[in-house]
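**Student:** Residue strings, one per chain:
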Amino acid sequence: MGQQFSSMDRHRILTSALDRARAKRSVRMAQIGRDRLEELVDIRSRNLERLQANLSILRKAVEDAGGFFFLARTSREAVEYLLKVVGDGRVVVKSKSMTAEEIGLERALASAGKVVVETDLGERVVQMAGVRPSHILAPAIHMTAAEVARLLSPSLGPEPEDIVRYVRESLRPYFLEADVGVIGANAVSAEDGAILIVTNEGNDRLVSALPRTLICVTGVEKAVSNLYEALRMVEVQVASATGQRLTSYLTILTPRSEDLGRGRSLHLILVDNGRIDTLEDPEISDTLKCIRCSACFNVCPTYRVVGGHLFGHVYTGPIGLPWTYITAGVREAAGFADLCISCGLCVNECPVRIDIPDIISKIKYRAVLEGVYKPFWLAANIDTLLRLGQMAPSLANQFIKRRPLRLLAEKVLKIDHRRVLPHFPSERMWSLVRRVGHAANPRFRAVLYTDSLIQYLLPSIAFRAAELLVGNGVEVAIPRQRGSGMPLIQNGLLGKAAKTARDNVKKLYRHVLKGYDIICLEPTSLYCIKKIYPGLTKLDEASKVAERSYGFSEYLVERCGFNNSKKGWGRVFYHWPCHARGESKASTVLLLERLGYEVRSLDVGCCGMAGLWGLKAGPRGYGLSAEIGAEVSAAYREAGAETLVTDSTVCMLQLRQFYMERVFHITDLIFNSWVGGGDG
Amino acid sequence: MELFWERLRENGSIPIYCPKVEDMYAKVEKIISDMNYSPTAFYPRDVLPTLIPRLLQMFGMVWGRSDSFDVRRARLGLMGVDFGVAETGSLVLFTSNTVERLLSCLPEVFVGVVYTSRLLPDLASTLGYVSQALKGGRCVSIITGPSQTADIEQRFVRGVHGPRQVYVLVVEGGPAIQ
Ligand code: SF4
Ligand code: SF4
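Chains A and C are the protein sequences, given in the same order.
Number 676 in my numbering belongs to position 676 of the first sequence; there are no gaps in the numbering.
Number 135 in my numbering belongs to position 135 of the second sequence; there are no gaps in the numbering.
Excised from the complex, chain C in its bound form (with noise of 0.2 Å):
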């Protein structure tokens, strides 16, 4: 846990602790309304079931499965991720449609929520979920800090075709990886 915070920190991405649940709401209202209450989209995914509804009766938006023309408006991505990876500071993400996917491409920010129980020691260990992931016909995508650069005069820019800004939600808890 110390080690996956430290990466996150290291490789850009802003880690917030969550000791309950009900902790997580209060961060993620305060990062909307930082943002002005921007077009916000969530992804009802089963890793956070109690997630969506609660959001959705703060914000009163959610984007359901096929409709992509949604997310390329939202400034803000929200969902909960498969699996933390501590060694590189990871979030591991399975997803079984694009949409699912472009929740975390095309928005400015992107929230990604993990259970502390979700986390593994290192890219190694994800191997046996990842190939499992992909036999199911998920597509695999494991996000380390912001969407960057330095091709211009090696110069470091933030935010190029992915999001400028990832915050991480550690959530105490959570349910055992089967």
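Isolated chain A (complex conformation) (with noise of 0.2 Å):
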């Protein structure tokens, strides 16, 4: 019996893959550099734009190679041509490709008694586990090597180089018998009617080598104009999936290779299957230039605590919601949808930049609309309730504070009874604000936006950076606001987002105008203004004050040279929020470091918050964000750092969960340490 895993385990199984995936990654990313991305970002657009003439050249090359060439507007043509294609054809082997998964060819195959043996080696043991692959690269990423080996034959040890012989040995005898082989495509080239293929494992040789009949299945998007742009697709796919510099194999042929077209035959099934109506769908198309590296997957913090068992469909992880939107309907992505936190990570991950978050908003959206997402009521009316709250602040506390009302609350608000709560204080953030000081000759003069939680809740912390602004010789100003409209995102409450957010943006713009700079208390509301609002809003505005919006501790650092006299205040760990990871680099940490501390932190690692989200009550609520957070609280741990900083106060209330009177706001810190001045 060989040992079994916790699911905490598998949860430790899957994030260090991650993390080393990532890793890896990143070395070889940096060696391709900007100017290939970019190119390959326009070789996508481009190709995208011309889809319907690659098809056609395609069409006329693979023809005139002596091939078939077959389109499938839906995953049911596709099955029924191949299934002609197969015909008496008894055994079919395949390597590993998703968009079979997407049509469901081995269950069609199968139902009509063809013996289908999977020939990658993950996903051959995932095929005999009876389940669906957890990670489009790593299909068994969660299991453990005992656990294969259990599976594949009774008297098989759990040395990996035992189950991979074992494989090696066991699946030649069908290699050799198959009468069709299927295979997927990385790329394909219109031009040469040419098929482009990567694994790691030489399986994809072998399937295209032996059967009589090879069929290779791919979706539409994966044709580009020539050899050269499939060349560049596939070398930087490589570069982000995995680090290598190539895979072991890269398998280029037409159907007029070797012996294709005498006594072999080539078919190419190009899957649609709603990609080319995607094309006319501006919000949503971007998902079409995805070239399915997978370099998204490794720091989604929701996708790697629960994987993609949960976090999927056949398509998993943070661009598999938008593929299983496109490929499988709105209900099935709205499955999922919720898992989402739209921290903004992915986008930082991907190569061909493709804003998953955003497009996730927008199939959130259509699926409330439709009615198949259910957002959680407290997103819509968040505002509402803590404007009642300051109006009776003693009452609202009662709330906060006392168990039966709690568990009230739990039921009519579905606010977790657990989580810790800050009170509404006594005094509200515009009385403490008046009494803040002037700045003697300014420098420069800047709104403060503080977004509502501080606004409500902890209307302290405005006061406090008002007056360290106006210590720097900032002028602050706080005219009246409202929230970023980030929960009503979260929700896929576009409508309402877009109103609050022209609101916002008409208000700041007044502002810029008058020479003011914005300045956001919450990295969540930065986030808004200069990545989302241009889009929602649709208003030219909204790019002005975007272009004059900072961060606060990047104000002090960039523009006022904020410095410190006094050195050595010691360690302190220093969470950095999901979204001001956008960012190259981390201006608080500079603030940190300026102010005299030695800054430890963690390069990826969400506290598991996400706004609201983390009140929800139950498993996907509160339940996965403290899980999430357990990675960046065992890295505070290890830092051997007394105190806990940082600058968003969603973060603060996560973490004050678990470390209550160690976490501090970034300007609690400045404003106990801060001695003015410094040397420079």
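Check the hints yourself; a few may be wrong.
[To be verified] Rough simulated footprint, nothing fancy, chain A against chain C, three-plus residues with beta-carbon under 8 Å: (1) 85-94; (2) 136-146.
[To be verified] Computed list of chain A residues with no C-beta within reach of chain C, every gap over 12 Å: (3) V41; (4) K84; (5) S111; (6) E283; (7) D358; (8) K374; (9) A392; (10) L395; (11) K401; (12) R402; (13) W430; (14) F444; (15) K496; (16) G561; (17) S673.
[Stated by the list, open to error] Incomplete in silico selection of chain A near chain C, CB under 10 Å: (18) A17; (19) T119; (20) D120; (21) L121; (22) R165; (23) T199; (24) N200; (25) D204; (26) L227; (27) Y228; (28) R232; (29) Q244; (30) S257; (31) E258; (32) D259; (33) R264.
If you're looking for bench data, these hints aren't it; they were derived computationally from the structure.
Quick reminder that beta carbons are idealized off the backbone N, C-alpha and C, glycines included.
Reconstruct the complex from the two isolated chains, following the hints.
**Tutor:** Given below as structure tokens:
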């Protein structure tokens, strides 16, 4: 008996595998360089624009070379064609192809009485286990060697070497006797009618060399104009997926290669299945640029915890959601859409810079409209609720403090009763900030944008921030404002979010015209203003506001040249909020260093709060949120720092849940340790 | 050449330098004897005209064009390849029938022979040759190290469906690229 793995172990196996993949890839991606990626983005866009043309050129090239070309509008058409080609053939060997999964190839062939043998090692294992792959590149990432061995043969030991030898030997006869081989494609060159396939195992080579009939099934978006573009695509795909310069094998073949055409035949099935319509759907169409490298999987906080069995349908992981929407429909996509917490981390990894969370929020919006996705009620009403609480703080605090009332709140508002919440303050932000002084000779003028949480629950942060800015030569204005609308966006309530955003943009723009900069206290607000508002509001003013907006630390460091004369405050652990990670460097780390701290931090890792998401009662809210946060907790403990600091009040809520008195907001820390001036 | 060498090692291939064509015979003999003279398949390709007769003389085995069943039994496959790619440490193989290709797929050990005159700097510079080869009905295989997987617990294992070991004999000189 090999050991069984608990869900916590599985989570650890998955995250460490993803971290390793990420580390390996980042080295290689740096070598690939920006220019090559720009070129690829261009190649992808250009070829999607000319997809129809590519397809007709491809058809001609394939047919001229003696092959067969079939454009399948639906999965069903693809499967029917495939069954016809397989005909009397009995044994079908295949090498991993996501498109084959998508069209349900294996099930269709099996119910027609064919023997279907998967030859990719990981994929073969999940085939034998009768489960779905949990990751597109490493399908059996969730299983231990012992489990795999037991599954394959009772007499097999848990050594990966033995398992591999066993698979090699047991699959050989199938290769040799197979009537039909099914492969996928990593890219297709229309001009040459050529298919490019990469593997490390070499199974694609056997599948494509041995059987009499060869079928290649792939999505229409894989077609590019020529061999050069196809090679470029494959190169980056390999780099971004595994960090290799090239996989062990890259096979390029056409219907005229070797004895294809001389007693052997090649069928190329290009699957549309919603893709071609998506080209006309600008909110979603960027998905088709995807080169399936799975880099986005590595960083997704929820995927890292739950894996592909929950986070996915046929297609898994972040981009798996849009792929599911395109190929299987809105209902299937809505089934796991709540697991995207709009953290934005995946965007930073994607080699073709697909704005995955943006696409997902559009899908959620559509799902809400179609009634197949239920947004979190609180998200739509949080500002109202906070306003009410502020009107009667002592009453509201009873609801936060008293257990029976908390249980009631859990029932009605679906706020998990275990969540530690801040209390409503007795003094409102507006009266607090009136006490902020004035800068003597202001060098800058700026609006402080606080967002709702600070405005209603933690106004002292606004007060301190304003004082600090004034002390650094900034004249500060705090006009009336609305929340950033992130909870609405997270929940697919884009109509309402757009209204909020437009309102904010208009108000802020008035100040921009008067020469004010915008300083966002919350990284999430800055993320909204910079990354989301321009697209969401479709207002020209939005990009102008975005241009003038800064994070709090960024402003102090970059604009004001903040420094401190006293150093040596000891070590702190900085929790880097997801929405601040788009920047190439963390301004807050710089700020802390200038302040005189030794800073430790983690370059992946979400606290798990994700706005209101972590408030949500139940395992898919509070429960999962705590599990996600475990990674940051572990890093904090390892860092050997007393103090935990962050610049997002949302993250603070989560961190306080576990490390109450040791968690500080960046403004607290500056307030306590800033002596002034500095030496440079 | 140095880069090619370094990259071959990096991707798990075993490069062996042969200053003269004659050195190659000794190296091949060594590899074959290390494998206890297991069934070995050669493929007669014009890339290395002198190799095959000499090996025939030494070991008396060679399998011809369409006889795929013998390739199945081979534990070692040996053939000249068309190009080497320095930047990736790859061997580029153009094959005109499947037996030829299978020689580099089925056996446990693959020995590829490449002349220094056939080294190209990077993948992009193979493009013209690749496209020519495809037009001429070839299949193009670019081989970069041994067959491998990390599917089981992320642990690295060689020799899944293809060769566990890849020797690359780099022979000085050779015909110039046309
Ligand atoms: S935005 Fe965050 S949660 Fe959503 S898919 Fe991307 S990484 Fe995952
Ligand atoms: S979305 Fe981007 S990162 Fe994710 S698989 Fe596609 S190309 Fe790779």
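**Student:** Look at each hint and say if it fits the structure.
**Tutor:** Now the hints, each set against the structure:
1. Residue count for the region 85-94 of chain C with a Cβ under 8 Å from a Cβ of chain A: 4. That meets the three needed, and the coverage hint holds.
2. Counting residues of the region 136-146 of chain C whose CB lies closer than 8 Å to any CB of chain A gives 10, so the stated coverage by that chain holds, three being the minimum.
3. Remark: the non-interface label on A:V41 is consistent with the geometry, its nearest Cβ contact in chain C lying 18 Å away (cut-off 12 Å).
4. With a cut of 12 Å on Cβ distances, A:K84 stays outside the contact zone with chain C, its closest approach being about 24 Å.
5. With 12 Å as the threshold on Cβ separation, the claim that A:S111 sits away from chain C holds: the shortest Cβ distance comes to roughly 27 Å.
6. Every CB of chain C is more than 12 Å from the CB of A:E283 (nearest about 35 Å), matching its label as outside the interface.
7. Its beta-carbon lying about 32 Å from the closest one in chain C, A:D358 satisfies the requirement of being farther than 12 Å from that chain.
8. Separation of A:K374 from chain C is adequate, the least Cβ-Cβ distance of about 38 Å exceeding the 12 Å criterion.
9. No Cβ of chain C comes within 12 Å of the Cβ of A:A392; the nearest lies about 55 Å off, and the non-interface call holds.
10. Consistency note on A:L395: stated as away from chain C, and its beta-carbon is indeed over 12 Å from all of that chain's, at 54 Å minimum.
11. Distance to chain C confirms A:K401 as a non-interface residue, since its nearest Cβ pair spans about 47 Å, more than 12 Å.
12. Once the 12 Å rule is applied to beta carbons, A:R402 is consistent with being away from chain C; the minimum gap is 49 Å.
13. The non-interface label for A:W430 is consistent with chain C: the shortest C-beta to C-beta separation is roughly 55 Å, beyond 12 Å.
14. No Cβ of chain C comes within 12 Å of the Cβ of A:F444; the nearest lies about 49 Å off, and the non-interface call holds.
15. Its beta-carbon lying about 44 Å from the closest one in chain C, A:K496 satisfies the requirement of being farther than 12 Å from that chain.
16. Here A:G561 stays apart from chain C, with its beta-carbon at least about 45 Å from theirs, past the 12 Å limit.
17. Residue placement check: A:S673 keeps its beta carbon more than 12 Å from all beta carbons of chain C (closest about 43 Å).
18. Taking 10 Å as the C-beta contact cut-off toward chain C, the hint placing A:A17 at the interface holds, the least distance being around 5 Å.
19. Restraint check, A:T119 versus chain C: the minimum CB separation of about 7 Å is within 10 Å; hint holds.
20. This hint holds: A:D120 has a C-beta 8 Å from the nearest C-beta of chain C, less than the 10 Å allowed.
21. A distance limit of 10 Å between C-beta atoms decides the matter here; for A:L121 the minimum to chain C is near 5 Å, and the interface restraint holds.
22. For A:R165, the interface hint holds, since its Cβ comes within 10 Å of a Cβ in chain C; the closest pair sits about 8 Å apart.
23. The interface hint given for A:T199 is met, as the beta carbon of that residue sits about 8 Å from the closest beta carbon of chain C, less than 10 Å.
24. Restraint check, A:N200 versus chain C: the minimum CB separation of about 5 Å is within 10 Å; hint holds.
25. For A:D204, the interface hint holds, the least distance from its beta-carbon to any beta-carbon of chain C being 9 Å, beneath 10 Å.
26. The interface hint given for A:L227 holds, since its Cβ lies 5 Å from the closest Cβ of chain C, which is under the 10 Å cut-off.
27. Interface hint status for A:Y228: upheld, as the beta-carbon distance to the closest one in chain C is roughly 6 Å, under 10 Å.
28. The beta carbon of A:R232 is positioned within 10 Å of a beta carbon in chain C (closest approach about 8 Å), and the interface hint is therefore held.
29. Interface hint status for A:Q244: upheld, as the beta-carbon distance to the closest one in chain C is roughly 8 Å, under 10 Å.
30. At about 4 Å, the closest approach between the beta carbon of A:S257 and any beta carbon in chain C falls short of 10 Å, and the interface hint on this residue holds.
31. The closest approach between the C-beta of A:E258 and any C-beta of chain C is roughly 5 Å, which is under the 10 Å cut-off, so the hint is satisfied.
32. With 10 Å as the threshold, the beta carbon of A:D259 comes within range of chain C, its nearest partner Cβ sitting at about 5 Å, so the hint holds.
33. Satisfaction of the interface hint for A:R264 is found here, the shortest Cβ-Cβ separation to chain C being roughly 8 Å, below the 10 Å cut-off.
In the structure shown, no violation is registered for any of the earlier numbered hints.
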